[in-house]
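Based on the provided sequences and hints, a complete structural model is requested.
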Amino acid sequence: MKTSEEQREQLEDESQVYNPNPYQEEEDVEAISPWKDALKQLRKSPLAITGFLLVLFFIILGFVAPFVSPYEFDGDDPINRLQPPSADHWLGTDDIGRDIFTRLAYGARISLITGFTAVTGALVFGTLLGIISGYFGRWVDMLISRIFDILLAFPSILLAIAVVAILGASLTNALIAIAIINIPIFGRLVRSKVISLREEEFILAAKAQGMKRGRILLHHILPNSLAPIIVQATLGFGTAILEAAALGFLGLGAQPPTPEWGKMLSDSRDFIQLAPWTLIFPGVSIMLVVLGFNLIGDGLRDALDPKMKN
Amino acid sequence: MSDTILELNNLHTHFFTDSGEIPAVDGVSFHVNKGEVVGVVGESGCGKSVTSLSVMQLVPSPPGRIVSGEINFKGENLAFASEKRMRQIRGNEIAMIFQEPMTSLDPLYSIGNQLVEAIRMHNKMSKKEARLKAIEMLDLVGIPRASEVVDEFPHQLSGGMRQRVMIAMAMACDPELLIADEPTTALDVTIQAQILDLMRDLNKQKDTGILLITHDLGVVAEMCDRVVVMYAGQVVEEGTVREILKDPKHPYTKGLIRSLPNLHEKEQKLYSIPGTVPKVTMDSVGCRFAPRCEYAFGRCFSENPALYETEDHRYARCFLYDDFEEQEVATHAGTDSRS
Chain A
1 MKTSEEQREQ LEDESQVYNP NPYQEEEDVE AISPWKDALK QLRKSPLAIT GFLLVLFFII
61 LGFVAPFVSP YEFDGDDPIN RLQPPSADHW LGTDDIGRDI FTRLAYGARI SLITGFTAVT
121 GALVFGTLLG IISGYFGRWV DMLISRIFDI LLAFPSILLA IAVVAILGAS LTNALIAIAI
181 INIPIFGRLV RSKVISLREE EFILAAKAQG MKRGRILLHH ILPNSLAPII VQATLGFGTA
241 ILEAAALGFL GLGAQPPTPE WGKMLSDSRD FIQLAPWTLI FPGVSIMLVV LGFNLIGDGL
301 RDALDPKMKN
Chain B
1 MSDTILELNN LHTHFFTDSG EIPAVDGVSF HVNKGEVVGV VGESGCGKSV TSLSVMQLVP
61 SPPGRIVSGE INFKGENLAF ASEKRMRQIR GNEIAMIFQE PMTSLDPLYS IGNQLVEAIR
121 MHNKMSKKEA RLKAIEMLDL VGIPRASEVV DEFPHQLSGG MRQRVMIAMA MACDPELLIA
181 DEPTTALDVT IQAQILDLMR DLNKQKDTGI LLITHDLGVV AEMCDRVVVM YAGQVVEEGT
241 VREILKDPKH PYTKGLIRSL PNLHEKEQKL YSIPGTVPKV TMDSVGCRFA PRCEYAFGRC
301 FSENPALYET EDHRYARCFL YDDFEEQEVA THAGTDSRS
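Those sequence lines, one after another, are chains A and B.
The opening position of the first sequence corresponds to residue 1 in our numbering, with each subsequent residue numbered one higher.
The opening position of the second sequence corresponds to residue 1 in our numbering, with each subsequent residue numbered one higher.
Only true hints are included.
Interface residues of chain B toward chain A, partial, derived using beta-carbon atoms under 7 angstroms: (1) G91; (2) M96; (3) T103; (4) P107; (5) F153.
The hints are simulated quantities; they were obtained by calculation from the structure and are not laboratory data.
Note that the structure is a prediction, hence the values are computed from the model and not measured.
For each residue, glycine too, the CB sits at the ideal point set by N, CA and C.
Take a look at the structure:
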């Protein structure tokens with residue numbers, strides 16, 4: 001694998017010499033798959049790298065939480081309540097003396113798992129419905145699209161509240177709610193992509209080769225609609241974490257003593273003047289993780305967009 | 001005729017749209033013999049592409065549907081064959097190549113991958129064997145460095161190269177009929193000539209029948225044995241390529257040939273047939289070409305002419321040839337009505 005500088009130099013060298021036979025033996029004709037190409041583009045984007053490092057930081061934090069912290073996430077210590085940040089408690093303690101750093105680190109697990117599960121759920125069902133709707137069209141499309149419209153007509157947080165109200169308040173149910181409200185976002189995206197792909201000549205060509213419908217869907221239509229799905233999934237990660245925090249804040253998500261970031265925010269809102277660190281650190285964590293995913297998402301979108309190629 | 005591989009018989013493919021039923025292919029009949037190159041010519045919207053898609057049963061449905069008629073392929077009527085049967089035939093016995101080589105290949109898979117997929121669809125072969133066969137096919141269609149190109153991706157190839165890949169893919173299963181829908185329209189002239197040469201070579205080597213859809217009479221003159229001229233969903237003239245280019249019978253064919261630029265004449269302006277292809281509906285009466293025809297007379301506007309045999313194996317859909325004795329009179333009447 002050559003570095004981009006080397007390749008550029010080589011390109012400049014070659015452009016100066018007129019090559020009368022472009023097909024003569026040249027060992028540098030490298031097969032570049034569109035995916036590899038996108039990865040290369042992504043590596044060149046400083047913002048995407050920043051986002052990636054941010055997310056990586058929280059992933060590591062979540063993994064090492066039990067090893068770096070001497071405290072338990074639910075270990076209350078009433079004597080040391082509302083302590084400001086210090087050498088003992090890096091980020092201070094909350095109103096019942098729990099170490100905020102420890103809770104944030106455990107909370108990173110919860111947030112990332114929440115984001116991952118909710119997005120995966122929404123992605124799988126959304127993509128499935130979107131493909132069915134886009135490829136088969138007619139009444140199937142009509143039915144699925146109207147369901148999407150109805151789901152989108154509700155403000156998403158209201159819909160999530162309704163789902164949680166029916167299923168009961170818990171982290172799992174909050175996850176299900178977030179997945180459900182995100183299904184139409186993926187569904188509509190995939191549907192529109194499938195509809196435009198269906199008219200592509202290479203799909204007609206595949207049919208003219210005698211390819212089966214299922215194979216066309218799985219091998220040609222799905223992979224070609226993957227780029228926008230990946231971008232949406234990354235951006236959706238951030239949104240899902242925010243939504244989980246919002247549900248937690250409203251007391252509809254994780255239940256105490258689970259160290260969920262949104263819940264931590266709402267628990268400490270009474271001490272905003274007395275002990276601002278109880279509020280600031282969970283808030284900043286939410287912001288940084290969501291920012292990280294959004295930066296990756298933007299970078300991916302640019303890398304996967306053929307029009308952005310220089 | 002025992003060596004006929006494809007015979008269309010009074011084929012009707014209609015489109016059912018909100019504004020009514022449109023007979024895009026309206027009673028088309030012609031045949032292709034083994035190893036023969038038959039050209040289907042006509043301007044945009046005359047139904048030539050729909051005819052070729054009908055043969056493959058690939059007319060977009062809805063709104064299109066084969067309403068009646070026969071598509072006899074080696075004695076089997078494909079017009080209403082099952083999807084399963086059609087899948088066995090597509091790519092295997094009848095292959096097809098399209099107008100836009102730039103978009104006919106899936107951008108996400110390497111050339112080899114797509115060729116292997118096509119080969120293995122109809123042949124029991126291991127991936128390795130299929131890959132060797134793929135390289136052999138690329139070689140056959142004149143792609144240099146075939147063993148490297150096989151691992152490259154479509155965006156790394158030029159339009160002409162991609163069309164060669166499409167031809168390699170189409171020929172991979174040794175089809176008996178190749179349908180080429182404007183295979184050279186999107187290519188520049190030098191590449192056009194190469195692609196046509198290639199198709200003719202394959203036609204000679206493998207004795208593949210070719211149904212060539214085009215609007216380019218130059219391509220027809222170069223490639224075809226016989227020509228079918230289509231206008232507004234109907235065959236208006238049929239004959240060998242020499243006869244038709246030298247001595248066109250139908251006024252539409254005459255117009256087409258007159259509108260070719262001629263190197264020997266110093267005329268400044270190119271001739272063009274006045275008007276455009278009319279929108280045909282189910283209740284259209286009269287000859288479809290009559291409004292644009294300089295020979296049109298009374299009968300042309302009230303009755304649709306049949307295909308009249310003007311000479312041996314030559315047909316024209318025009319009242320001028322209804323009866324040879326009446327020809328003089330008819331022509332006369334035509335000029336009368338104009339003066």
